[in-house]
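Chemist: Okay, here's what each chain looks like letter by letter:
Number of protein chains: 2
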Amino acid sequence: MSLWFTEKQTENVGFSIKVSRQLFSKKSDFQKIEIFDSEEFGRFLALDGIMMLTEKDEHIYHEMIVHPAMAVHPRAKDILVIGAGDGGVLRELARYKSIKHIDVVEIDENVVEAAKEFLPQTACGFKDPRIDLHFEDGVRFVRRKSDCYDLIIVDSTDPFGPGEGLFTKEFYGGCNKALRKDGILVNQHESPFYKDDAAAMAHTHKHIFKRFPIAKVYQAHIPTYPSGHWLFGFASKKYHPLKNLNSDKWNALKIKTRYYNTNLHLGAFALPTYVEEMLKDVE
Amino acid sequence: MSLWFTEKQTENVGFSIKVSRQLFSKKSDFQKIEIFDSEEFGRFLALDGIMMLTEKDEHIYHEMIVHPAMAVHPRAKDILVIGAGDGGVLRELARYKSIKHIDVVEIDENVVEAAKEFLPQTACGFKDPRIDLHFEDGVRFVRRKSDCYDLIIVDSTDPFGPGEGLFTKEFYGGCNKALRKDGILVNQHESPFYKDDAAAMAHTHKHIFKRFPIAKVYQAHIPTYPSGHWLFGFASKKYHPLKNLNSDKWNALKIKTRYYNTNLHLGAFALPTYVEEMLKDVE
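Quick note, the sequences are listed as chains A and B, same order. Everything in the first sequence is counted per the UniProt record's numbering, starting at 1 for the first residue and increasing by one. Everything in the second sequence is counted per the UniProt record's numbering, starting at 1 for the first residue and increasing by one.
It cannot be assumed that every hint is accurate.
Said to hold, decoys possible - With a cut-off of at most 25 Å between alpha-carbon atoms, the simulated BS3-like pairs for lysine-lysine come out as follows:
#, chain 1, residue 1, chain 2, residue 2
1, A, LYS56, B, LYS8
2, A, LYS216, B, LYS97
3, A, LYS77, A, LYS254
4, B, LYS216, B, LYS77
5, B, LYS177, A, LYS195
6, B, LYS254, B, LYS97
7, B, LYS177, B, LYS77
8, B, LYS100, B, LYS56
9, B, LYS18, A, LYS8
10, B, LYS77, A, LYS195
11, A, LYS177, A, LYS77
12, B, LYS195, A, LYS18
13, A, LYS243, B, LYS243
14, A, LYS18, B, LYS8
15, B, LYS195, A, LYS256
16, B, LYS181, A, LYS195
17, A, LYS206, A, LYS280
18, A, LYS8, B, LYS56
19, B, LYS8, A, LYS8
20, B, LYS100, B, LYS77
21, A, LYS56, B, LYS280
22, B, LYS77, B, LYS181
23, A, LYS256, B, LYS280
24, A, LYS181, A, LYS243
25, A, LYS77, A, LYS145
26, B, LYS254, B, LYS206
27, A, LYS280, B, LYS254
28, B, LYS256, A, LYS280
29, B, LYS18, A, LYS254
30, B, LYS18, A, LYS18
31, A, LYS238, A, LYS169
32, A, LYS256, B, LYS216
33, A, LYS177, A, LYS145
34, B, LYS56, A, LYS280
35, A, LYS100, A, LYS8
36, A, LYS56, B, LYS195
To be verified - Pairwise CB distance ranges (calculated):
#, chain 1, residue 1, chain 2, residue 2, range
37, A, LYS254, B, LEU253, 42 to 48 Å
38, A, ALA252, B, GLU11, 40 to 46 Å
39, B, LYS238, A, ASP132, 56 to 62 Å
Read the hints as simulated data drawn from the structure, not as lab findings. The C-beta atom is built at its ideal place from N, Cα and C for all residues, glycine as well.
Here chain A stands alone, though its shape is the one from the complex:
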């Protein structure tokens, strides 16, 4: 017998991982949460059948959603993280002594509980004493906040299901208001390759571009996400992601990473022509 997990990345594309066993399965109020173990990728988390992270490549996503902004902002002390129920973003943030406080807003408490039990590689991030964990809707949380964060990281699921509200113009407007006058917003931006993902990406960029004076996009190779070509949005009120990169300062922190480095930081903002054109179309 062999057991295979298959994600339909589009109606016509399947990505399959040979599974050694299922570790966890629960239907929460929001979604179906499943954790599997596999030889190739280690443990992996799926929400509603969509792979969210694997132990083999989650570091790429988590390093790339955290370090570029932290290497640009000269003094990011107060951070808001939306989503991030697995803890991976928090693990990366915890490496900065300069951070004073992190609000984490995760809609589904069950994801955090499952991660703490079965995904220690990312859930270790929850241990940091600077974290306040809020189980509520990110859109509602942000609505109440004003001028109090240096950095907001939106580690959302896809724009279908419980994460849907995180892709609206109201939400990005709320993020703008919640940020200080030199704040940065980093958003997981989906992929430019398959049609539906690309439409979500363009839609998101359009909303963010309207609300921030600086709105750039950068990319990473994340093999277990559809197409492996993943984008992040870097939106900012003051700092430019390339001109304000302080490589020397970041390198002096001696944070050991496996994917991110300050040279790659510069390269990640150099996008393929077809992606540049998609972005220009909505600007």
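Since the structure of chain A is already known, use the hints to place chain B on it.
Modeler: Quick look at chain B alone, frame taken from chain A:
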């Protein structure tokens, strides 16, 4: 009924494409050649069950194996292409009026015939009158050549089966000899992500690094190749891939590309830390 083509990217990972129909199947002296049609990727070519190209993303591979070197070499006139039975590399080379002559060495005539019949999008490259097509083993062809090419492009299959000899130190030594004193070698370099691909990549880099004063690696997002994270080797006797990039000159050619641009050229050489470490380990 639904028909699916599945490539085992590793023993534990499958990538599946819904197929509308099979257009061609033949067992040649070297390999099994198959061409399918699909809604998501258009037509695609598989050799021994491994996807070689799809109409949706072949332009990424072909642009990235051709344009970086052409944007660096100030006068590449005589070109040798090993492999390339589908014609995609030739289509991209044909866009440079400055090229005088292209030798193409493909071991399997049946691939060229099948491409000409079923893959017009890439096989159009064979129409260029500057091309001389040789059906023979690339290793043997190169052995006879000395000081006569400005650019060699190795568009090989994987290092198993008929392409195996193209990953040996003898072959790269032969390429060095066949190149002029300011020649460039570009090599498809496999992927750094899955274990066997990464081993092939490191092995190849080791051979090339020993034989060329400049041996750099660059990357692209190619969704239908394993992991989507693909590498190319840029080996050179004189020109540096970044310092000798002539962006103004290349942009003045007004070659319309969908993936490559001169900004991305610079970014593509900025590698993730784990890839840099793999390369350093064999240097």
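Chemist: Indicate, hint by hint, whether the structure satisfies it.
Modeler: Consistency of the hints with the structure:
{"no.": "1", "hint": "A:LYS56 to B:LYS8", "verdict": "holds (18 Å)"}
{"no.": "2", "hint": "A:LYS216 to B:LYS97", "verdict": "violated (36 Å)"}
{"no.": "3", "hint": "A:LYS77 to A:LYS254", "verdict": "holds (19 Å)"}
{"no.": "4", "hint": "B:LYS216 to B:LYS77", "verdict": "holds (22 Å)"}
{"no.": "5", "hint": "B:LYS177 to A:LYS195", "verdict": "violated (46 Å)"}
{"no.": "6", "hint": "B:LYS254 to B:LYS97", "verdict": "holds (12 Å)"}
{"no.": "7", "hint": "B:LYS177 to B:LYS77", "verdict": "holds (17 Å)"}
{"no.": "8", "hint": "B:LYS100 to B:LYS56", "verdict": "violated (30 Å)"}
{"no.": "9", "hint": "B:LYS18 to A:LYS8", "verdict": "holds (11 Å)"}
{"no.": "10", "hint": "B:LYS77 to A:LYS195", "verdict": "violated (39 Å)"}
{"no.": "11", "hint": "A:LYS177 to A:LYS77", "verdict": "holds (17 Å)"}
{"no.": "12", "hint": "B:LYS195 to A:LYS18", "verdict": "holds (16 Å)"}
{"no.": "13", "hint": "A:LYS243 to B:LYS243", "verdict": "holds (21 Å)"}
{"no.": "14", "hint": "A:LYS18 to B:LYS8", "verdict": "holds (11 Å)"}
{"no.": "15", "hint": "B:LYS195 to A:LYS256", "verdict": "holds (22 Å)"}
{"no.": "16", "hint": "B:LYS181 to A:LYS195", "verdict": "violated (46 Å)"}
{"no.": "17", "hint": "A:LYS206 to A:LYS280", "verdict": "holds (9 Å)"}
{"no.": "18", "hint": "A:LYS8 to B:LYS56", "verdict": "holds (18 Å)"}
{"no.": "19", "hint": "B:LYS8 to A:LYS8", "verdict": "holds (16 Å)"}
{"no.": "20", "hint": "B:LYS100 to B:LYS77", "verdict": "holds (5 Å)"}
{"no.": "21", "hint": "A:LYS56 to B:LYS280", "verdict": "holds (22 Å)"}
{"no.": "22", "hint": "B:LYS77 to B:LYS181", "verdict": "holds (14 Å)"}
{"no.": "23", "hint": "A:LYS256 to B:LYS280", "verdict": "holds (17 Å)"}
{"no.": "24", "hint": "A:LYS181 to A:LYS243", "verdict": "holds (18 Å)"}
{"no.": "25", "hint": "A:LYS77 to A:LYS145", "verdict": "holds (16 Å)"}
{"no.": "26", "hint": "B:LYS254 to B:LYS206", "verdict": "violated (36 Å)"}
{"no.": "27", "hint": "A:LYS280 to B:LYS254", "verdict": "holds (19 Å)"}
{"no.": "28", "hint": "B:LYS256 to A:LYS280", "verdict": "holds (17 Å)"}
{"no.": "29", "hint": "B:LYS18 to A:LYS254", "verdict": "violated (46 Å)"}
{"no.": "30", "hint": "B:LYS18 to A:LYS18", "verdict": "holds (20 Å)"}
{"no.": "31", "hint": "A:LYS238 to A:LYS169", "verdict": "holds (20 Å)"}
{"no.": "32", "hint": "A:LYS256 to B:LYS216", "verdict": "holds (23 Å)"}
{"no.": "33", "hint": "A:LYS177 to A:LYS145", "verdict": "holds (7 Å)"}
{"no.": "34", "hint": "B:LYS56 to A:LYS280", "verdict": "holds (22 Å)"}
{"no.": "35", "hint": "A:LYS100 to A:LYS8", "verdict": "violated (41 Å)"}
{"no.": "36", "hint": "A:LYS56 to B:LYS195", "verdict": "holds (12 Å)"}
{"no.": "37", "hint": "A:LYS254 to B:LEU253: 42 to 48 Å", "verdict": "holds (44 Å)"}
{"no.": "38", "hint": "A:ALA252 to B:GLU11: 40 to 46 Å", "verdict": "holds (43 Å)"}
{"no.": "39", "hint": "B:LYS238 to A:ASP132: 56 to 62 Å", "verdict": "holds (58 Å)"}
Violated hints for the displayed structure, listed by number in ascending order: 2, 5, 8, 10, 16, 26, 29 and 35.
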